[in-house]
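Visitor: Starting from the given sequences, assemble the full structure and let the hints guide the process.
1 is the number of the first residue of the sequence shown in my numbering; add one for each residue after it.
Incorrect hints may appear among the rest.
[Said to hold, decoys possible] No farther apart than 20 Å at their CA atoms in a straight line, the calculated lysine to aspartate or glutamate pairs in the EDC-like style are these:
| # | residue 1 | residue 2 |
| --- | --- | --- |
| 1 | K116 | D162 |
| 2 | K272 | D238 |
| 3 | K229 | D179 |
| 4 | K116 | D179 |
| 5 | K4 | E130 |
| 6 | K272 | E261 |
| 7 | K134 | E154 |
| 8 | K214 | E228 |
| 9 | K94 | D70 |
| 10 | K94 | E269 |
| 11 | K235 | E217 |
| 12 | K7 | D238 |
| 13 | K192 | D161 |
| 14 | K235 | E269 |
| 15 | K151 | D161 |
| 16 | K134 | E217 |
[Stated by the list, open to error] For each label pair, taking beta carbons as the anchor points, the in silico distance ranges come out as:
| # | residue 1 | residue 2 | range |
| --- | --- | --- | --- |
| 17 | Q63 | S193 | 19 to 29 Å |
| 18 | G153 | E19 | 31 to 41 Å |
| 19 | E210 | G96 | 47 to 57 Å |
| 20 | D163 | S120 | 13 to 23 Å |
| 21 | S193 | E19 | 34 to 44 Å |
| 22 | P209 | S92 | 34 to 44 Å |
Don't read these hints as lab results, they were simulated from the structure.
Here the structure is a predicted model, which is why all the values come from computation and not from measurement.
We put the beta carbon where it would ideally sit given N, CA and C, even for glycine.
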Amino acid sequence: MSEKEIKDTIREVYTAIAETIPQKQEHNEDEDLSDSCLGGCGGDCGGGCSCGGAFDPIEAARQLGYADEDLEAIPRESVLGLGCGNPVTLASLKPGETVLDLGSGGGIDVFLASRKVGLSGKVIGVDINEAMIKRSIEAAAEYGYTNTAFKLGEIETLPIDDDSVDVIISNCVINLSLDKSRVFHEAYRVLKSGGRLVVSDMVTVGGLPEDVRKNVEAWASCISGAEEKNDYLSKIADAGFTNVKIIQDTAYESDYENLNEKIHSISVEARK
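Guide: Put into C-alpha cells, the structure is as follows:
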C-alpha cells in the first residue's frame with residue numbers, strides 16, 4: 001500500500017461524499033439522503049450509521065454532539081455527518097479571534113465558529129479536497145458569510161502565515177495524515193504565542209492487526225491511520241505545545257472485527 005494509493009483513496013471517498021449528499025437538504029426522518037454510507041469518519045461510515053443503510057447527515061451530526069439549534073443556524077449543506085467530536089464547543093471561542101480549521105470538509109465547524117467569533121473575528125478552513133472547498137465557498141457566498149475563508153491546501157504544509165491565528169480546531173482529520181508530526185509542527189508555526197489547539201480525532205489503544213493497517217479503505221474510514229494514543233499526545237508535545245491534555249475520551253464502536261475498545265475518539269487541548 002503506497003502513499004499515493006492512500007491519498008488517492010482518501011480524495012476519492014471524500015469527493016464522493018461532497019458530490020453525493022445533496023447541497024439543498026430538507027431534513028426528513030424517512031428520507032434517504034444517499035444511497036449508502038460512503039466511508040467517512042465516525043462509526044467508520046460517516047458519523048453513526050450502519051453500512052448499507054440510509055445515511056442521514058443531520059442525525060449523524062446529532063450523534064456527534066451537535067445541538068439542533070446550532071445545526072439550524074448554519075447552512076444545511078455544510079452538515080455532512082463527518083467527524084468524531086465537536087471541537088467548536090470545546091474551544092471556548094471568543095469574539096474577535098482568528099480560528100483555523102484543519103480539514104474543514106463541508107464547513108460545518110467553520111460556520112459554527114464564525115458565529116462565536118463574530119464579525120470582528122475570522123475563521124479559515126483548509127482542506128485538500130477541491131469538491132469540499134467548492135461546496136463550502138458556495139455555501140458561504142449564498143448565506144452571506146463575510147468572516148469566513150476556505151483555502152485548498154494540505155494540513156502538512158498550511159497556506160497560512162506564521163503566528164497568525166488564535167485557535168486551531170480539527171475534527172477527525174489529522175488521523176488521515178501520513179505525517180502527523182509535520183501537521184502538529186505546522187499548527188505550532190501558524191499559532192500566535194498563547195494560542196490554543198483543540199482537536200477531536202481517532203486514536204488506538206493497543207496495536208491494530210496488520211491486515212487493518214494495510215487496508216486502504218480503512219485509512220479513508222479513519223481507522224488504519226489512527227495513531228496510538230500516547231504517541232499522538234507525544235507528537236503534539238514534540239512540536240512545542242505545552243499543557244497537552246485529553247478533555248474527552250470515548251471508546252468507539254467499530255464495524256471492523258475485533259477492534260472494539262481499541263479505537264477511541266479523543267478531544268485534546270494544548271497551548272503554544
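Visitor: Work down the list of hints and note, for each, if the structure agrees.
Guide: A quick look at each hint next to the structure:
| no. | hint | result |
| --- | --- | --- |
| 1 | K116 / D162 | violated, 23 Å |
| 2 | K272 / D238 | holds, 12 Å |
| 3 | K229 / D179 | holds, 15 Å |
| 4 | K116 / D179 | violated, 31 Å |
| 5 | K4 / E130 | holds, 17 Å |
| 6 | K272 / E261 | violated, 32 Å |
| 7 | K134 / E154 | holds, 16 Å |
| 8 | K214 / E228 | holds, 16 Å |
| 9 | K94 / D70 | holds, 17 Å |
| 10 | K94 / E269 | holds, 16 Å |
| 11 | K235 / E217 | violated, 25 Å |
| 12 | K7 / D238 | violated, 25 Å |
| 13 | K192 / D161 | holds, 10 Å |
| 14 | K235 / E269 | holds, 13 Å |
| 15 | K151 / D161 | holds, 13 Å |
| 16 | K134 / E217 | violated, 24 Å |
| 17 | Q63 / S193: 19 to 29 Å | violated, 37 Å |
| 18 | G153 / E19: 31 to 41 Å | violated, 20 Å |
| 19 | E210 / G96: 47 to 57 Å | holds, 49 Å |
| 20 | D163 / S120: 13 to 23 Å | holds, 19 Å |
| 21 | S193 / E19: 34 to 44 Å | holds, 41 Å |
| 22 | P209 / S92: 34 to 44 Å | holds, 38 Å |
In the structure shown, a violation is registered for the earlier hints numbered 1, 4, 6, 11, 12, 16, 17 and 18, in ascending order.
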